[in-house]
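**Q** Sequence:
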Amino acid sequence: MTTRPWAPIDLLHQGNPRSVGVYLVETDDGLALFDCGPTTALPALRVGLAARGYELGEIRHLLLSHIHFDHAGAAGAIVRENPSVLVHVSAVGAPHLVDPTRLEASARRLYGDTFDALWGELVAVPEANVRVVGERVVGLACFPSTGHASHHVSMLHEDGTLYAGDSVGVRIEPARFVLAPTPPPDIDLEAWEETLKETGRREPTRLALTHFGIFEDVSEHLARMRETLHTWSERVAHGMDEATFVAAGRADCLASDPDQVEDYDHAAPYSQCFLGLERYWRKRLEAAP
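Numbering (this note's numbering), first residue to last: 839 to 1127.
No lab work stands behind these hints, which were simulated from the structure alone. If a hint is listed, it holds; no wrong ones were tucked in.
Mimicking EDC-like on lysine to aspartate or glutamate, the simulated pairs with C-alpha atoms at most 16 Å apart in a straight line are:
| id | residue 1 | residue 2 |
| --- | --- | --- |
| 1 | K1121 | D1026 |
| 2 | K1121 | E1028 |
| 3 | K1121 | D1024 |
| 4 | K1035 | E1065 |
| 5 | K1035 | E1058 |
Make the full structure from the sequences, and use the hints.
**A** So, in structure tokens, the structure goes:
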């Protein structure tokens, strides 16, 4: 297995650099991709692989952090082209890859007329190609990392690289700001805190983020993630409306990394962060005695 991680392949989603990235990973059973992006980004994925001397047909495994379309939307299309690929995903996410009907319907309600331009075709993954993850996946340690989504897992390479998906936030190279991505529908703040504790307990050397890049200041990064998650959650819990929340979130980024405010909005829109937190607190109130 390699001793250093590759930099992310930039999928230039919607023409935006450093918005969505995927990672080539050497495993015990050949070459893998950690996350694969949406179907609309397949041309950029092909270009990125070719720049490193590979073709899509050489990929043996897709390692999916979770099934949101920016991370896994192209899985079915990739398997259709390369039927030998095995797709590794959580037990919660697996049924939605095999039959994405409900997932697509829910997403179309959220994205409306923009769905097709954002994500493209959603192709079912044959059940024979799906592997539910356990504690190890082709040589990488794997563990649940819920909070952002109930179907989220992270994978730790023996070289110390944690392939983290969205579990430890969004941070766009070379920025310092760590955004807490909290879109609907299943944000769980308590589970997220446990994920951050477990991530720290495993002492990764570096964090490989889908949005976007590799960071080695692990402790500081996790602390900034906790701070943003707490601050943004409290804003919504105390009644802040969407417009004010978006303005405050943009101001947080502006104070840290003024040149990247729009980059963060492309990667994890501030408005969707509000919607997920608003739903979380509303459901909590509805469930209260």
